[in-house]
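Trainee: Below are the chains, spelled out letter by letter.
Protein chains: 2
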Amino acid sequence: MELKTKFLKWSAGLPVAMLNKKTATKMGVHTKDRISIKTISKYPKEMSTVIDVIGGLVKENEIAVSSEIRKRIGLRSGQKVDVTLAPIPKSLIFIKKKLNKKHLSEKEINEIIKDVVNNSLSEPEITLFASAMYKQGMNLKETIYLIKAILNSGEKLVFKNKFVVNKHCVGGIPGNRTTPIVVAICAVTGLIIPKTSSRAITSAAGTADVIETISPVEFSINELKKIIRKTNACMVWGGALDMAPADSRIIKIEKMLKIDPEAQMLASIMSKKLAAGSKYILIDIPYGRTAKVTKKKAINLKRKFKYLGKYFNKKIDCVLTDGNQPIGNGIGPVLELTDVLKVLNPKEQGPKDLETKSLFLSGEILEMTRKAKKGEGIKLAEEILYSGKAFEKFKQIIEAQGGKIKKMPVAKFKKNISSKKSGNVSQMNNKKINSMARIAGCPLDKASGLYLYVHIGDKVKKRDKILTIYSESKSRLKQAVKFYKEQKPIEIKK
Amino acid sequence: MELKTKFLKWSAGLPVAMLNKKTATKMGVHTKDRISIKTISKYPKEMSTVIDVIGGLVKENEIAVSSEIRKRIGLRSGQKVDVTLAPIPKSLIFIKKKLNKKHLSEKEINEIIKDVVNNSLSEPEITLFASAMYKQGMNLKETIYLIKAILNSGEKLVFKNKFVVNKHCVGGIPGNRTTPIVVAICAVTGLIIPKTSSRAITSAAGTADVIETISPVEFSINELKKIIRKTNACMVWGGALDMAPADSRIIKIEKMLKIDPEAQMLASIMSKKLAAGSKYILIDIPYGRTAKVTKKKAINLKRKFKYLGKYFNKKIDCVLTDGNQPIGNGIGPVLELTDVLKVLNPKEQGPKDLETKSLFLSGEILEMTRKAKKGEGIKLAEEILYSGKAFEKFKQIIEAQGGKIKKMPVAKFKKNISSKKSGNVSQMNNKKINSMARIAGCPLDKASGLYLYVHIGDKVKKRDKILTIYSESKSRLKQAVKFYKEQKPIEIKK
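Top line first, the protein sequences correspond to chains P and G. Just add 1 to the spot in the first sequence (first one is 1) and you have my numbering. Just add 1 to the spot in the second sequence (first one is 1) and you have my numbering.
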């Protein structure tokens with residue numbers, strides 16, 4: 002049926018469409034049914050969406066759409082579109098097959114990913130897929146299909162240079178912001194490091210959230226190429242690149258639910274690294290009691306990454322690192338960037354643990370790519386960091402991205418938390434610390450988060466400051482304090 | 002924060018709330034965050050909801066809410082409410098615990114159900130719960146906690162009469178509309194049968210959808226009591242009674258995803274039968290290749306129902322019936338009611354299979370309650386049905402509910418499907434037949450659906466009519482025909 006487009010002045014964060022009651026009746030559409038919207042032209046663009054609302058603000062023969070739909074198929078107000086009832090996506094059957102512990106074929110996984118990209122699957126349906134992957138898991142064959150499907154759903158970067166490197170951390174450790182430091186150090190040596198990062202899924206901040214405090218992070222593929230040509234590197238948000246659009250949609254749901262199924266994690270990492278043209282990839286797998294993975298699972302993950310590396314003919318190394326506590330002091334976009342800048346700037350003193358870990362990871366990459374001899378990677382990384390060359394490189398990359406290092410904003414409200422007794426810090430719960438920072442407003446309120454004054458093993462006296470909570474709103478601050486009191490993320494033993 | 006209520010003229014089918022950008026910033030609320038809305042009074046009413054949209058149609062210091070929220074806490078336009086950021090519901094942790102194959106305690110299940118009722122859990126979060134139950138399952142202990150939690154979340158009916166009976170079918174068989182016939186027969190004998198039914202979850206129609214074609218089905222507890230006092234029985238929609246509000250919300254999601262986890266099915270059935278004050282309960286479990294359950298699972302379900310009956314001190318009998326094909330000819334609300342009326346009316350001839358099954362189930366109930374001697378239940382049921390007394394009782398119940406038997410409407414469009422070859426009907430796929438009826442518009446378009454001219458074993462000649470598809474819209478009719486051609490729900494063998 003031909004309908005006239007009307008725009009909703011909304012940002013719902015997802016496609017929303019409305020129909021008039023009479024139009025809906027004519028078409029046989031009920032609320033929560035799926036429709037297909039197609040532009041009328043020689044080369045029509047099409048997308049599916051669920052009808053959220055019938056009645057209300059639209060006239061007969063109109064369809065009201067949110068900005069997500071407008072952008073996706075490039076509509077102008079009043080433009081005629083062809084709207085039809087869309088069939089139930091076949092991929093829902095495959096999702097249930099997975100839920101029933103069956104293996105999926107390449108064709109079936111392709112179909113699911115295609116429907117994710119087309120928006121043919123609703124949020125609860127993608128939830129079902131994520132939860133099926135979460136519990137039933139996928140074998141390596143299925144994971145490879147998933148990687149290929151996600152990879153082929155989007156754009157790719159191609160480099161002639163042999164030394165295209167990349168790093169990735171499986172995440173879960175608050176404050177663990179090594180990427181900007183590692184990227185800067187590696188880029189100094191001439192390595193190409195097109196780092197695309199995600200925004201936070203379950204944590205307080207992702208690298209993209211952190212860099213965004215001083216620089217744009219959303220670019221087209223062509224803009225990205227220019228930045229890399231100029232500086233050897235970049236630090237951008239992968240989601241904006243349309244390099245793995247299926248992944249972005251799935252991650253959005255996972256974020257909401259705070260789950261991160263292994264197959265999807267592997268596929269997400271691999272597809273993005275492959276799309277970025279990486280030939281050498283270093284994977285950081287922090288393990289520990291409250292990390293994302295246990296030691297056993299870390300070893301298992303390493304095995305899988307190695308297998309995938311062989312399959313896709315890339316050099317992949319994995320390092321298993323200590324994930325028993327946060328790294329650095331700041332947790333939250335602005336607070337983490339402050340730590341990073343202090344480590345990079347030779348005139349300042351950054352958190353030692355963050356510096357040590359960044360040097361270690363850089364050293365690994367320098368050895369993998371033969372920029373340094375076996376056993377001499379860390380030494381070379383130190384030279385680059387302490388000479389200020391890494392800081393210069395970092396500034397160059399930020400400038401090339403149109404950003405600028407500036408004075409960091411401070412959140413409107415803060416609250417100091419002190420120790421109620423003397424003793425030693427015995428435990429720090431990563432998950433609870435992440436949750437607390439998110440309650441304070443992370444990652445969206447850039448200056449919100451936590452500043453830690455202690456790490457495991459530190460001695461504290463009664464009334465010593467343990468941490469400061471920063472927030473842009475009183476109610477969030479109050480809730481974060483309440484969470485701290487109830488959940489006790491930091492344990493002190495006499 | 003105190004905000005002024007504004008109404009959205011929407012029926013989104015779920016609570017929707019919008020805030021102005023400035024208000025959201027002040028409160029620290031981001032899209033997809035949860036808020037709590039509380040009336041300002043001595044006895045405040047409160048509910049949670051997710052903020053769907055920031056910006057758009059609301060002014061500063063206003064909150065726009067959909068009719069679902071308005072009704073829930075009884076708001077008037079312009080009314081001041083207290084809106085605060087709501088904490089992440091603890092129950093999400095328990096849902097993940099289940100997803101991780103752990104057992105849940107009574108307290109944890111209570112917390113989940115409480116949050117479902119309060120609307121503190123979003124649709125994807127409830128999806129996660131449904132999918133965790135679907136795959137990990139729940140043991141009988143957890144199922145009992147779930148039953149109690151759902152039961153205690155709502156209203157209950159209490160009868161002094163000893164002979165309060167009920168029946169239930171686990172579903173999955175198209176056209177299997179025995180309830181109105183069984184209810185009428187039993188009520189004639191003086192048994193009290195307060196039948197609350199659901200709307201379709203995965204099928205083309207539920208009993209509530211069917212009865213709704215000639216009668217209101219939504220009543221308050223008090224109205225219900227009056228109807229039962231007058232006629233011994235009722236046939237209403239359970240969802241409107243607020244007898245198991247948690248169940249209604251979970252079922253809505255399950256409907257969307259077309260999944261039906263066993264623990265939730267058991268809890269849903271038991272909590273509603275218990276809430277209806279039933280002392281004798283007959284459960285019909287049709288099994289077969291394309292039924293909801295296999296024979297093995299049917300036996301297992303029977304065992305569980307028996308256990309639950311003992312635990313809750315009720316007499317529960319289960320009958321395992323043939324679920325290899327649809328029962329009756331019509332599939333869809335109006336088409337099924339037409340079959341039912343023909344069976345009830347002694348002057349007409351209804352589908353024999355529907356009549357036989359209804360008499361069998363009625364016989365079982367009459368024997369359970371000693372209204373008939375062992376082995377003589379069916380005979381008594383036949384007497385009541387063939388004498389026209391059941392039809393009179395049925396009319397009486399419908400009238401008491403404010404309905405009336407009238408000429409049935411016919412759908413606007415139809416399409417006959419004929420056999421392409423001569424042979425015998427060898428298979429009928431219940432699931433595909435249900436899907437086809439749903440594509441045609443069931444259960445929302447009352448007159449849509451299928452009319453079957455054949456059953457398994459029937460001989461057909463080339464070009465014989467097999468079925469007619471009815472639909473209110475051309476596009477739905479077209480898709481149903483396409484589905485038939487692709488999926489071949491009815492097999493004919495030479």
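Just to be clear, a hint being listed does not mean it is correct.
Identical copies look the same in the list; a pair holds intra-copy or inter-copy alike.
Stated by the list, open to error - With a straight-line cut-off of 27 angstroms between C-alpha atoms, the simulated DSSO-like cross-links for lysine-lysine are:
| # | residue 1 | residue 2 |
| --- | --- | --- |
| 1 | K408 | K23 |
| 2 | K408 | K466 |
| 3 | K259 | K103 |
| 4 | K27 | K416 |
| 5 | K46 | K60 |
| 6 | K22 | K479 |
| 7 | K280 | K102 |
| 8 | K415 | K23 |
| 9 | K380 | K72 |
| 10 | K115 | K259 |
| 11 | K311 | K432 |
| 12 | K433 | K33 |
| 13 | K475 | K22 |
| 14 | K489 | K115 |
| 15 | K380 | K5 |
| 16 | K72 | K256 |
| 17 | K316 | K486 |
| 18 | K408 | K161 |
| 19 | K142 | K462 |
| 20 | K494 | K316 |
| 21 | K305 | K5 |
| 22 | K7 | K22 |
| 23 | K98 | K81 |
| 24 | K102 | K253 |
| 25 | K305 | K98 |
| 26 | K60 | K27 |
| 27 | K108 | K489 |
| 28 | K102 | K256 |
No lab work stands behind these hints, which were simulated from the structure alone.
Trainee: Looking back at the numbered hints, which does the structure fail to meet, lowest number first?
Mentor: 7, 9, 11, 15, 17, 18, 19, 20, 21, 23
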